[in-house]
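Undergrad: Sequence:
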Amino acid sequence: MKHLLNKYSDIISNLPELKDSAKPNEKLKLWENSEKKIRCFYAPFEHLNNNAQIVLIGITPGKTQMNRALVAAKEAIKSNTNIEKSIAKLKQESSFSGNMRNPLIETLNKLGYQKLLGITSASELWTDSFSKVHFCSLLKYPVFYDDKKSSNKDYNGKPNPFKIPELKKLMLDGFAKDLEKIPKSAKLIPLGETVSKYLNELDKMGVI
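With our numbering, the residue at position 55 of the sequence shown is 104, and numbering never jumps.
Errors might be hidden in some of the hints.
[Claimed, not checked] Here are the simulated EDC-like cross-link-like pairs (lysine to aspartate or glutamate), alpha carbons at most 20 Å apart as the crow flies:
1) Lys217 with Glu84
2) Lys217 with Glu81
3) Lys217 with Asp227
4) Lys233 with Asp252
[Said to hold, decoys possible] Restraint ranges, calculated between C-beta atoms of paired labels, are given here:
5) Lys85 with Glu173: 39 to 47 Å
6) Lys68 with Asp252: 22 to 30 Å
7) Asn151 with Asp203: 19 to 27 Å
Simulated from the structure, these hints should not be mistaken for lab results.
The beta-carbon is built from N, C-alpha and C at its ideal position, and this holds for glycine as well.
Could you build all of it, start to finish, from the sequences and the hints given here?
TA: What follows is the structure, given as structure tokens:
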């Protein structure tokens with residue numbers, strides 16, 4: 050899917066200043082399901098850690114993660130530096146950030162993943178031991194939906210992605226194919242019951 054970065058590089062390089070809460074840019078829209086009021090946008094999340102020992106899996110990149118990735122890509126394009134390295138660094142710094150990171154670190158430590166990985170604390174996955182983890186989402190690119198109260202809300206797993214052709218395809222073409230490039234021994238860690246439920250569905254389909 051790296052061709053998408055080439056396809057959208059000119060648009061990204063000319064984006065206005067983006068705050069974390071900025072709405073998705075219509076020029077980066079990959080597809081839209083108007084009936085379900087769901088839209089998917091491009092942001093550069095192609096970085097893949099082929100040597101990962103564990104895989105932390107969310108639902109979809111949210112608005113904050115999307116905008117920070119676009120800013121990093123824009124800066125890399127403007128300065129003619131390596132975009133993949135810039136995005137990898139961004140993933141290291143911002144994946145599962147904010148209020149959820151400390152509880153996640155505590156949970157991973159309680160479950161003993163730091164011992165499994167030979168590190169002192171799971172917090173090192175965001176620093177010196179970044180090479181041991183792959184941060185990703187079931188839906189590789191940012192997905193948003195509208196409800197009666199507001200628009201451009203981060204997709205939370207509802208409606209069921211297996212019942213929406215575009216979302217199912219995104220899981221199979223993005224997440225499932227990426228997993229094929231990661232060691233089979235890597236432990237898959239779903240972040241939440243919803244992710245776990247959909248992982249089980251993919252497992253039943255024989256694609257992971």
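Undergrad: Under the criterion that the straight-line Cα-Cα distance not exceed 20 Å, is the pair Lys217, Glu84 satisfied?
TA: holds, 16 Å
Undergrad: When you take the CB atoms of Lys68 and Asp252, is the distance between them in 22 to 30 Å?
TA: For Lys68 and Asp252 the Cβ distance comes to about 38 Å; the hint is violated.
Undergrad: Per the hint of 39 to 47 Å, is the separation of the Cβ atoms of Lys85 and Glu173 within bounds?
TA: Holds - the Cβ-Cβ distance for Lys85 and Glu173, about 40 Å, lies within 39 to 47 Å.
Undergrad: Does Glu81 sit within 20 Å of Lys217, going by the straight-line distance between their CA atoms?
TA: holds, 14 Å
Undergrad: Using the Cβ atoms, figure out if Asn151 sits within 19 to 27 Å of Asp203.
TA: Holds, at about 20 Å.
Undergrad: For the pair supplied as a hint, Lys233 and Asp252, is the alpha-carbon distance within the 20 Å limit?
TA: holds, 13 Å
Undergrad: Between Lys217 and Asp227, does the CA-CA distance stay at or below 20 Å?
TA: holds, 15 Å
The earlier numbered hint that this structure contradicts is number 6, and it is the only one.
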